[in-house]
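**Student:** Just so you know, we're using my numbering here: the sequence shown kicks off at 148 and counts up by one.
It should be emphasised that the hints constitute simulated quantities derived from the structure, not laboratory data.
Glycine is no exception: its CB is placed at the ideal position from the N, C-alpha and C atoms.
Any given hint could be a false lead.
[Said to hold, decoys possible] Calculated lysine to any residue pairs in the SDA-like style (CA-CA distance at most 20 Å, straight line):
no.: 1; residue 1: LYS491; residue 2: ALA536
no.: 2; residue 1: LYS403; residue 2: GLU169
no.: 3; residue 1: LYS335; residue 2: SER359
no.: 4; residue 1: LYS537; residue 2: GLY410
no.: 5; residue 1: LYS335; residue 2: THR273
no.: 6; residue 1: LYS335; residue 2: THR187
no.: 7; residue 1: LYS335; residue 2: VAL291
[Said to hold, decoys possible] Listed next, with one range per pair, are the computed distances between beta-carbon atoms:
no.: 8; residue 1: GLY293; residue 2: PRO325; range: 25 to 35 Å
no.: 9; residue 1: SER184; residue 2: THR503; range: 20 to 30 Å
no.: 10; residue 1: GLY199; residue 2: GLY274; range: 53 to 63 Å
no.: 11; residue 1: ASN487; residue 2: SER317; range: 56 to 66 Å
no.: 12; residue 1: LEU174; residue 2: GLY231; range: 42 to 52 Å
no.: 13; residue 1: THR474; residue 2: THR272; range: 22 to 32 Å
no.: 14; residue 1: ASN323; residue 2: THR183; range: 36 to 46 Å
no.: 15; residue 1: ALA428; residue 2: SER184; range: 50 to 60 Å
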Amino acid sequence: MWWQPGDVLALDFAGGRYMREEETASLAAVLSTSRTSPATWLTDAGVHSIFGPNVPAITDRGLYAGGQATNYVPNNSYAGAVVGGSFPAGWTVSVIPGLPWSVAGLGTGVDGLPYIDVRISGTNTTGTTQFPQVNFTSGSTSPVSGNMIASARFEVLSATLAGRIAELNSDATALNIPNTDPAVYDVKLVRAFTVGEGMTYRLVSQVNVGVSINNLYRISRLQLETGSFASPPIVTAGAPATRLADSLTIPDFAAKAAAFGFGGGFAGEATVDLSRLSETAYRLLFDFGTDAPNRAYLGIASNNTVELSVKAASAGPVLNTAVLGSTGQYTLEWQVLSGNSFIKVNGNVAASSSATFTIPSLTTGYIGHSRSGGAHLNDPLRELHLRGAKA
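With the hints as constraints, model all of the structure from the sequences given.
**Tutor:** This is the structure in structure tokens:
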């Protein structure tokens, strides 16, 4: 028996096993998914997976509950590029005498995503230091006042000159090549913008007077999006593209909650892979209830604590653990019971409350995000177990 004693609902997303009332169940019987766009994921082995519209993103690490994300690099599939000729449509390339860029190759990587090879080869004879560049976002402007994150994989296939490789506008977010040896750089550059400000995400080199360069780069996974973390790949082919948000619910949750006796209290356990902290928004594992004033939820708060909140008519306890100290895999346990509620982190009690309260009506059960359609986990949920509470 792979589920826990007392479980009435057990969802092992990473293992592909599902149980309801001690009987094996199909995924469709325990999870309903709505998302009208495809979703993607890069496995731990570096393979690009695609999930069709309304298909849950069950990855090699569990259920990915993703929020909406738009890739503002308009052409990361390199449409219009020709080896030895044109660069991708919408890209701009600096024209500096003696320091030409060229398209050296096109293809699909072992990860299943398109790549482009670009070369810069020549000598700076202009009399001043030059910064030859390839701009991936020509003419793009920021859609928000706030952070944007640029991400990509840059492979230095060969190089004779070390220096800068990627920039997000002309500021301190440049990434430097520490040497000229072949290497792979998974770039993530975060910068604050004002709405309407021009965005310049580019490959750039610094070539001093009289210096020669012969560098060959392979570029893939180009992405520029709002926020401070990089979403799974979003492929574009001439215009920004959007991955719509997941809506994930437990089917017939009201009937299940009543049959399982959750109105008198409920408990459970979840295993989640946290890839980042220091978020500015909540990330929920579940949100059960009726509306904002009447709900119980568990999630990672914006201050990096685990938070359990129970509200009926806006009244009820809120439990917070200490700040999580690192990323990684966490097992979270909880109990929602008047007079005896708690949170455990990796087996240890991390917060508790003896407050008495009324459990809200549990009419809907959302997984991996809030009932308002926000606060997505944006990380893999490996397992979720639900059971009745114990006094």
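**Student:** Give a verdict on every hint.
**Tutor:** Checked hints:
{"no.": "1", "hint": "LYS491 / ALA536", "verdict": "holds (14 Å)"}
{"no.": "2", "hint": "LYS403 / GLU169", "verdict": "holds (14 Å)"}
{"no.": "3", "hint": "LYS335 / SER359", "verdict": "violated (28 Å)"}
{"no.": "4", "hint": "LYS537 / GLY410", "verdict": "holds (13 Å)"}
{"no.": "5", "hint": "LYS335 / THR273", "verdict": "violated (32 Å)"}
{"no.": "6", "hint": "LYS335 / THR187", "verdict": "holds (19 Å)"}
{"no.": "7", "hint": "LYS335 / VAL291", "verdict": "holds (19 Å)"}
{"no.": "8", "hint": "GLY293 / PRO325: 25 to 35 Å", "verdict": "holds (31 Å)"}
{"no.": "9", "hint": "SER184 / THR503: 20 to 30 Å", "verdict": "violated (45 Å)"}
{"no.": "10", "hint": "GLY199 / GLY274: 53 to 63 Å", "verdict": "holds (56 Å)"}
{"no.": "11", "hint": "ASN487 / SER317: 56 to 66 Å", "verdict": "holds (57 Å)"}
{"no.": "12", "hint": "LEU174 / GLY231: 42 to 52 Å", "verdict": "holds (48 Å)"}
{"no.": "13", "hint": "THR474 / THR272: 22 to 32 Å", "verdict": "violated (48 Å)"}
{"no.": "14", "hint": "ASN323 / THR183: 36 to 46 Å", "verdict": "holds (41 Å)"}
{"no.": "15", "hint": "ALA428 / SER184: 50 to 60 Å", "verdict": "violated (21 Å)"}
Of the numbered hints listed earlier, those contradicted by the structure are 3, 5, 9, 13 and 15.
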